[in-house]
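Q: Here is how the chains run, residue by residue.
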Amino acid sequence: MKALNKAVGKHAASRRMEGRYSYRLSDKFKGGRHRSFRGVPEFFRLAVESLGEYALLTMDKNLRISSWIGPAAAIFGYEESEIIGRSVSCLFTPEDIAQGVDTEEFVEALKKGRKADERWRVCKDGRRLWCYALSFPFKDEKGVVRGFVQLIRDDTGRKKQDDLLHESEARLSLAAESTGLGTWDYDVATRSLTLSKRAAELFDLGADPKAAFYYEHFFEMIHHEDRQRITRQFDDCLSHGTKCAEEMEFRIHLRDGGVRWVLTRAQAFGDGTDRNSRPSRIIGTIVDITDRRLNQQTRKRETEELVASEELARSNSINLEARVWERTEQLTVANKELEAFNYSVSHDLRAPLRSIAGFSAILRASTQEKLDESEKGHLRRIELSIQKMSALIDAMMSLSRATVADFVRQELDLSGLTRAIGLELQEDQPERQVRLSVEPDLKATGDKALLEIALRCLLDNAWKFTARNPAAAIEVGSVPETAPPAYFVRDNGVGFEQEYAHKMFLPFQRLHAKEGFAGTGIGLTLVARVVERHGGRVWAESSPGKGSTFYFTLGGQA
Amino acid sequence: MTQRRVLLVEDDADDMDLTLFAFKQCRFPYPVDVARDGAEAWELLSAAEELPALVLLDLNLPKINGLEVLARVRAQTRLRHLLVAVLSGSDEPRDKKEAARLGAVRFFNKPVGLEGFVEIVHEVECLLSPQL
Chain A
1 MKALNKAVGK HAASRRMEGR YSYRLSDKFK GGRHRSFRGV PEFFRLAVES
51 LGEYALLTMD KNLRISSWIG PAAAIFGYEE SEIIGRSVSC LFTPEDIAQG
101 VDTEEFVEAL KKGRKADERW RVCKDGRRLW CYALSFPFKD EKGVVRGFVQ
151 LIRDDTGRKK QDDLLHESEA RLSLAAESTG LGTWDYDVAT RSLTLSKRAA
201 ELFDLGADPK AAFYYEHFFE MIHHEDRQRI TRQFDDCLSH GTKCAEEMEF
251 RIHLRDGGVR WVLTRAQAFG DGTDRNSRPS RIIGTIVDIT DRRLNQQTRK
301 RETEELVASE ELARSNSINL EARVWERTEQ LTVANKELEA FNYSVSHDLR
351 APLRSIAGFS AILRASTQEK LDESEKGHLR RIELSIQKMS ALIDAMMSLS
401 RATVADFVRQ ELDLSGLTRA IGLELQEDQP ERQVRLSVEP DLKATGDKAL
451 LEIALRCLLD NAWKFTARNP AAAIEVGSVP ETAPPAYFVR DNGVGFEQEY
501 AHKMFLPFQR LHAKEGFAGT GIGLTLVARV VERHGGRVWA ESSPGKGSTF
551 YFTLGGQA
Chain B
1 MTQRRVLLVE DDADDMDLTL FAFKQCRFPY PVDVARDGAE AWELLSAAEE
51 LPALVLLDLN LPKINGLEVL ARVRAQTRLR HLLVAVLSGS DEPRDKKEAA
101 RLGAVRFFNK PVGLEGFVEI VHEVECLLSP QL
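Sequence lines, in order, name chains A and B.
The first sequence lines up with residues 1 to 558 when you count with the numbering used here.
The second sequence lines up with residues 1 to 132 when you count with the numbering used here.
If you're looking for bench data, these hints aren't it; they were derived computationally from the structure.
Just so you know, not all the hints are guaranteed correct.
[Unchecked claim] Okay, derived cross-link-like pairs now, BS3-like style, lysine-lysine, Cα gap no bigger than 30 angstroms in a straight line: (1) K96/B <-> K388/A; (2) K96/B <-> K448/A; (3) K24/B <-> K388/A; (4) K24/B <-> K336/A; (5) K443/A <-> K63/B; (6) K96/B <-> K336/A; (7) K96/B <-> K370/A; (8) K336/A <-> K97/B; (9) K63/B <-> K448/A; (10) K24/B <-> K376/A.
[Unchecked claim] Interface residues of chain A toward chain B, partial, derived using beta-carbon atoms under 8 angstroms: (11) L349; (12) A351; (13) L353; (14) G358; (15) A361; (16) I362; (17) K388; (18) G422.
[Said to hold, decoys possible] Where chain A lies over chain B, by a calculated footprint (3+ residues, C-beta under 8 angstroms): (19) 79-85; (20) 101-107.
Cβ atoms here follow ideal geometry from the backbone N, Cα and C, with glycine treated the same way.
Work out the full structure, taking the sequences as your base and the hints as a guide.
A: Structure, rendered in structure tokens:
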């Protein structure tokens with residue numbers, strides 16, 4: 001308050017200089033009752049109303065409130081009757097009072113003729129309001145300071161918004177800087193770019209990032225290979241109005257001759273009048289993506305290499321497949337040729353064998369009386385060999401035929417076929433007692449002639465290998481619920497060692513001594529060949545003395 | 001009445017001899033003429049005033065093969081009803097089928113062993129006996 005009194009005194013010395021101002025003020029209040037505006041003429045009421053959100057206070061030179069006009073009561077909660085005569089300090093915060101701010105404001109106003117100020121003020125109920133205050137010294141006609149006039153506006157709402165804005169800006173900038181994100185702001189009218197610290201770093205502007213940075217500079221810094229593209233994108237952004245949001249990736253030439261990859265996201269802003277209007281600003285973020293790009297390039301290269309190697313592998317595999325297919329074809333053809341050759345060889349072998357057999361028989365007949373027993377024995381051996389060879393040739397021929405013969409798939413009554421073969425076997429060896437049980441209505445699709453051969457072989461074997469079992473039994477049926485259906489021929493014969501099972505299907509392989517069981521050793525090979533031609537599978541299960549079961553499938557409908 | 005005859009068409013000397021031996025051994029009651037290939041057989045048949053009672057025809061023959069001879073026989077009005085039996089080294093189903101289609105009464109597969117030939121001769125004799 002001392003400072004104020006001193007200032008008021010000082011002010012009196014220079015009052016002449018401010019005469020005009022004081023005159024005008026005094027003119028307005030001429031003839032009025034200064035302590036209050038109550039009852040002032042209409043002119044003043046209107047003048048005060050036109051102040052709108054501004055409250056008008058007057059204070060005497062001891063800063064005691066002398067008038068309380070406009071929204072003052074509404075802002076601070078004090079009725080005029082309560083506040084008149086009280087020190088204006090009651091509107092200041094205790095912190096400000098402690099620092100003498102409550103008088104300082106008016107000292108300044110005296111010194112400078114006016115004082116604008118923003119600070120927290122206190123309401124009647126203790127609430128604090130952020131207020132904008134404009135203070136003037138209030139002088140009489142002689143220029144003597146009589147007190148002060150103050151216009152106060154409650155800016156708390158605005159302050160809050162500003163604070164929020166600042167806060168979010170601070171948060172954004174913190175976030176941006178901590179992630180290495182720079183921001184830039186392009187003013188379309190001035191063609192100038194304002195960069196954040198980080199953005200300036202990214203553009204490698206060096207020690208003087210505040211230097212004027214214009215559109216043209218910006219484009220000069222872009223790598224020549226990217227410049228055209230980015231210029232186009234930027235111009236697009238400018239011409240597409242405020243809807244535009246662009247993402248641009250480009251390289252920046254660095255002062256050390258290096259290159260930095262950056263990604264910038266730009267958003268155009270208009271003046272708010274029209275969404276389609278030409279933007280007045282473009283604001284963007286910018287981030288260093290050199291590592292990412294390099295990784296990308298590495299990845300791209302790796303991907304390309306991978307793709308290339310995959311393609312190579314694919315083409316190799318296609319080639320391989322083609323080659324396998326080709327080879328398979330060739331093999332199939334070769335196999336067929338081989339079988340045709342086998343057939344014709346077997347066929348041709350039969351002609352000389354016929355001669356040997358025929359003429360040795362003639363010889364035997366014509367020399368019957370002349371030969372001794374050992375000579376006759378030799379002839380017998382020749383004849384036995386002829387029989388064996390004939391059987392082998394027949395087997396080879398049927399094997400060839402099973403491979404090359406025409407193949408006609410049809411619906412077959414497997415039960416019927418099996419029974420017919422069983423009857424033939426029984427007729428051939430009526431002395432054998434074999435119980436043959438056949439699953440009724442056993443159906444199969446396949447080539448009749450070939451399947452007959454296969455079934456005959458399997459039944460033949462079963463028949464043969466049950467010879468030593470007085471209660472020989474053969475069972476033919478299908479395995480339930482198999483797809484494709486699996487059929488079986490089961491016997492209670494001598495069986496075999498399971499470990500040799502795979503060898504049985506090879507030609508001329510025997511698991512039993514020839515003396516025990518006669519045969520050409522081709523039967524199961526023939527079965528395998530037939531099953532193979534049907535696209536099926538054949539396998540066997542057995543153990544010595546426990547009989548054997550031969551299973552086969554006939555593939556799909558191929 | 002002229003003697004009933006049989007025509008044997010066979011190119012293989014051994015098979016020919018064995019067949020003839022079987023005929024002889026069986027005391028086959030009819031004379032057997034021979035032709036050494038298809039062309040010769042066809043000439044004989046075309047020119048013959050008296051047709052053979054039966055032709056025993058090999059299939060794999062030089063010049064004109066057996067099936068072709070058979071086809072020609074069936075195409076000739078005069079020969080159409082000729083009794084033909086096939087005696088072949090092949091037992092190809094295709095050949096069997098074709099021979100049957102062309103009206104061959106039997107299809108004998110050349111056997112290994114003399115007994116087989118003898119059996120065939122017996123069967124041939126049976127084929128001819130109803131006509132006796």
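Q: Confirm or reject each hint.
A: Results of checking the hints against the structure:
At roughly 26 angstroms between alpha-carbon atoms, K96/B and K388/A fall within 30 angstroms of each other, so this suggested pair holds. A distance of roughly 17 angstroms separates the Cα atoms of K96/B and K448/A; the hinted pair therefore holds under the 30 angstroms criterion. A C-alpha spacing of about 28 angstroms is found between K24/B and K388/A, which places the hinted pair at or below 30 angstroms, so the restraint holds. Straight-line distance between C-alpha atoms of K24/B and K336/A comes to about 43 angstroms, which puts the hinted pair past the 30 angstroms bound.
Taking the CA atoms of K443/A and K63/B, the gap is about 48 angstroms. The hint is violated against a cut of 30 angstroms. Between the alpha carbons of K96/B and K336/A the distance comes to roughly 22 angstroms, so the proposed pair stays at or under 30 angstroms and holds. Distance restraint check for K96/B and K370/A: the Cα-Cα separation of roughly 43 angstroms exceeds the 30 angstroms cut-off, and the hinted pair is therefore not satisfied. This hinted pair checks out: K336/A and K97/B have alpha carbons roughly 22 angstroms apart, not beyond 30 angstroms.
Taking the CA atoms of K63/B and K448/A, the gap is near 36 angstroms; set against the 30 angstroms cutoff, the hint is violated. The straight-line distance between the Cα atoms of K24/B and K376/A is roughly 24 angstroms, inside the 30 angstroms bound, and the hint therefore holds. With a least beta-carbon distance of about 10 angstroms to chain B, the hint placing L349/A at the interface is violated under the 8 angstroms criterion. Interface hint at A351/A: satisfied, since its Cβ lies 6 angstroms from the closest Cβ of chain B, which is below the 8 angstroms cut-off.
The interface hint given for L353/A is met, as the beta carbon of that residue sits about 5 angstroms from the closest beta carbon of chain B, less than 8 angstroms. Interface restraint check: G358/A against chain B, minimum CB-CB distance 4 angstroms, threshold 8 angstroms, status holds. The beta carbon of A361/A is positioned within 8 angstroms of a beta carbon in chain B (closest approach about 4 angstroms), and the interface hint is therefore held. Satisfaction of the interface hint for I362/A is found here, the shortest Cβ-Cβ separation to chain B being roughly 6 angstroms, below the 8 angstroms cut-off.
Taking 8 angstroms as the C-beta contact cut-off toward chain B, the hint placing K388/A at the interface is violated, the least distance being around 11 angstroms. At its closest, the beta carbon of G422/A sits 24 angstroms from a beta carbon of chain B; the interface hint therefore is violated under the 8 angstroms criterion. Note: the stretch 79-85 of chain B has 0 residues with beta-carbon separation from chain A under 8 angstroms; the three-residue rule is not met and the coverage is violated. With 0 residues carrying a beta carbon less than 8 angstroms from a beta carbon of chain A, the stretch 101-107 of chain B misses the three-residue requirement, and the given coverage is violated.
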